[in-house]
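Asker: At the far end of the sequence shown sits residue 303, using the numbering used here, and the numbering has no gaps.
To be clear, the hints were calculated from the coordinates, so they are not data collected in a lab. Possibly wrong hints are sitting among the right ones.
Taking CB as the label site, the calculated pair distances span [said to hold, decoys possible]: (1) Ser277 - Gly158: 42 to 50 angstroms; (2) His152 - Ala184: 19 to 27 angstroms; (3) Lys233 - Glu202: 40 to 48 angstroms; (4) Gly70 - Ile276: 25 to 33 angstroms; (5) Gly81 - Arg155: 49 to 57 angstroms; (6) Gly158 - Glu83: 37 to 45 angstroms; (7) Gly158 - Pro53: 28 to 36 angstroms.
Pairs of lysine-lysine residues, derived as BS3-like cross-links and limited to a Cα-Cα distance of at most 30 angstroms, are as follows [stated by the list, open to error]: (8) Lys207 - Lys233; (9) Lys233 - Lys248; (10) Lys246 - Lys265.
No experiment lies behind these values; they were computed from the predicted model shown. The beta-carbon is built from N, C-alpha and C at its ideal position, and this holds for glycine as well.
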Amino acid sequence: VIYVLERYILSYLYTFGVLWMRFCSRCGREESAIPMVRHLCVECYLEVYGGDLVPRSIELIQCPSCGSYRLGDRWIDPMDLGGEERILLAYVVEESISMPEGFESVEVEDLMVYGTEYGEAIEARLKISIGGRIYSLSRRLRLSRVRRLCPICHMARGGGYQAILQIRGHPSMGEDLRRRVENIIAGLPEAIRSMVVEYKSSREGIDLKLASRHAAQSIANIVRKELGGVIKTSKEGEIRGGIKGGKKPKLVISLRIADLREGMYIKMEGNPYIVESISGDRVVLQGRDGRRYIMSIEEILKGRK
């Protein structure tokens, strides 16, 4: 008891400037030999207070609809992390760390999830940097899994939407093209298809309302990669000088896909043409004056000669 009291007194004397060198009040080592944290050397501090660096348990929140995870105030697609849940858990643990004064950094060096008779647990090895030295500390945390709809899926369940995707054929959408587009949409990953709030197929083409702008852009890019086409974007509800009613406008994506056949009649810039032949991306058009024009499919979709 006298020894411990002596070490505390020496440590506090240093704090008030009476002594020049600090001592660990627990083991007696001097600051010249090991970094100090408050009145303890770093090793004694970690032994006594290391359990306070991380909480005893953490929550992992996942959306049951799209499978995304919540990290802070963000929702992250698991595929953005290569589908490796341990990477996400490392981020969650690091965000829960209580950083003591004097510590330079605390990172998760390794992490393992295992089952117990009471549920799941995490064994995390922390890498701690202080005073230019690296220390290691292992901590065990209880893992609680929570299933909660992300804001986008919550919106989708309520019928709300953020984007409109309009898929059209040019000059019109034939049944063969329609079936090909429908097959692509049907084969999309569930995380993307779950964002479709409304699906409408009409003579003009296919219209999708989606709860996520990102999902609408992903579908448009996937269909264009398979079938070609030109994408244009605009915003619904905008007026000059601002947004109508102060509301965030819906994103409108228009995808036009060429649906051309030889002998077909089309119009460009108000002038009629007959599709004479198609070879890859090149189309030969015959005007009513008998002249022939060679154009790319993209030029035809954009309506330029």
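Asker: Does each hint hold? Answer for all of them.
Answerer: To see whether the hints hold, each was checked on the structure:
1. About 46 angstroms separates the C-beta atoms of Ser277 and Gly158, a value consistent with the hinted range of 42 to 50 angstroms.
2. Our hint of 19 to 27 angstroms for His152 and Ala184 holds, since their Cβ atoms are close to 25 angstroms apart.
3. For the pair Lys233 and Glu202, the beta carbons lie near 21 angstroms from each other, so the given range of 40 to 48 angstroms is not met.
4. Separation of Gly70 from Ile276 is about 52 angstroms and departs from the stated range, judged on CB atoms against 25 to 33 angstroms.
5. Under the hint 49 to 57 angstroms, the C-beta atoms of Gly81 and Arg155, about 25 angstroms apart, miss the expected range.
6. In this structure the supplied range 37 to 45 angstroms is violated for Gly158 paired with Glu83, their Cβ-Cβ distance being about 29 angstroms.
7. Checked against the given bound of 28 to 36 angstroms, the beta carbons of Gly158 and Pro53, roughly 35 angstroms apart, stay inside it.
8. For the hint pairing Lys207 with Lys233, the CA-to-CA distance comes to about 13 angstroms; that is within 30 angstroms, so the pair holds.
9. Among the hinted pairs, Lys233 with Lys248 is consistent with the structure: their alpha-carbon atoms are about 6 angstroms apart, no more than 30 angstroms.
10. For the proposed pair Lys246 and Lys265, the alpha carbon gap of about 36 angstroms is over 30 angstroms, so the pair is violated.
In this structure, the hints that do not hold are numbers 3, 4, 5, 6 and 10, in rising order.
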